[in-house]
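Chemist: Letter by letter, the sequence shown follows residues 340 to 449 of my numbering.
Bear in mind the hints are in silico, worked out from the structure with no lab data behind them. Cβ coordinates follow ideal geometry from the N, Cα and C atoms, glycine included. Among the hints, a few may not be true.
[Claimed, not checked] Below, simulated DMTMM-like cross-link-like pairs (lysine to aspartate or glutamate); rule was C-alpha separation at most 25 Å, straight line:
1) Lys409 with Glu419
2) Lys398 with Asp382
3) Lys404 with Glu430
4) Lys398 with Asp408
5) Lys357 with Glu400
6) Lys437 with Asp408
[What the hints assert, rightly or not] For each label pair, taking beta carbons as the anchor points, the in silico distance ranges come out as:
7) Arg387 with Ser365: 28 to 36 Å
8) Ser343 with Gly411: 51 to 59 Å
9) Asn415 with Met383: 19 to 27 Å
10) Tyr358 with Asn390: 36 to 44 Å
11) Gln414 with Val351: 45 to 53 Å
12) Met446 with Asp408: 20 to 28 Å
13) His422 with Glu375: 16 to 24 Å
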Amino acid sequence: MSISGKNAMELVNWIQRKYDIQILPSTPDDQSTPIESTTYWNDMQRNRAGNLLAGARLKAELSQKELADKVGIRQNMVSEYEHGRRRITREMAQRVGKVLGVNLAAMIET
340 MSISGKNAME LVNWIQRKYD IQILPSTPDD QSTPIESTTY WNDMQRNRAG NLLAGARLKA
400 ELSQKELADK VGIRQNMVSE YEHGRRRITR EMAQRVGKVL GVNLAAMIET
């Protein structure tokens, strides 16, 4: 990452103090890779719906079993949705979203 501009060093110093970290200057051999070209990014995009579901479930502090019970499905179905082994239908996204208090159907691609 590079930071430049009128108050760049002031910003760097503030970040170091606030988060108690040391920011090292980059060297000419540092190379950055756009995140879109990484395996991580591709894996996250491939299972976007499952990742959104897992994130919403964890934010609601529910286990897969607890969510499954509230939705009226088996726990293994929640696991299959979250790991991308089963496609989340719009109807199921609406049911799950209602339990989690989020509009999951609007966030997923069906």
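Chemist: Evaluate each hint against the coordinates.
Modeler: Evaluation of the provided hints:
no. : hint                           : verdict
1   : Lys409 with Glu419             : holds, 17 Å
2   : Lys398 with Asp382             : holds, 21 Å
3   : Lys404 with Glu430             : holds, 20 Å
4   : Lys398 with Asp408             : holds, 17 Å
5   : Lys357 with Glu400             : violated, 29 Å
6   : Lys437 with Asp408             : holds, 13 Å
7   : Arg387 with Ser365: 28 to 36 Å : holds, 32 Å
8   : Ser343 with Gly411: 51 to 59 Å : holds, 55 Å
9   : Asn415 with Met383: 19 to 27 Å : holds, 23 Å
10  : Tyr358 with Asn390: 36 to 44 Å : violated, 26 Å
11  : Gln414 with Val351: 45 to 53 Å : holds, 47 Å
12  : Met446 with Asp408: 20 to 28 Å : holds, 23 Å
13  : His422 with Glu375: 16 to 24 Å : holds, 23 Å
Comparing the model with each earlier hint shows violations of hints 5 and 10; every other hint is respected.
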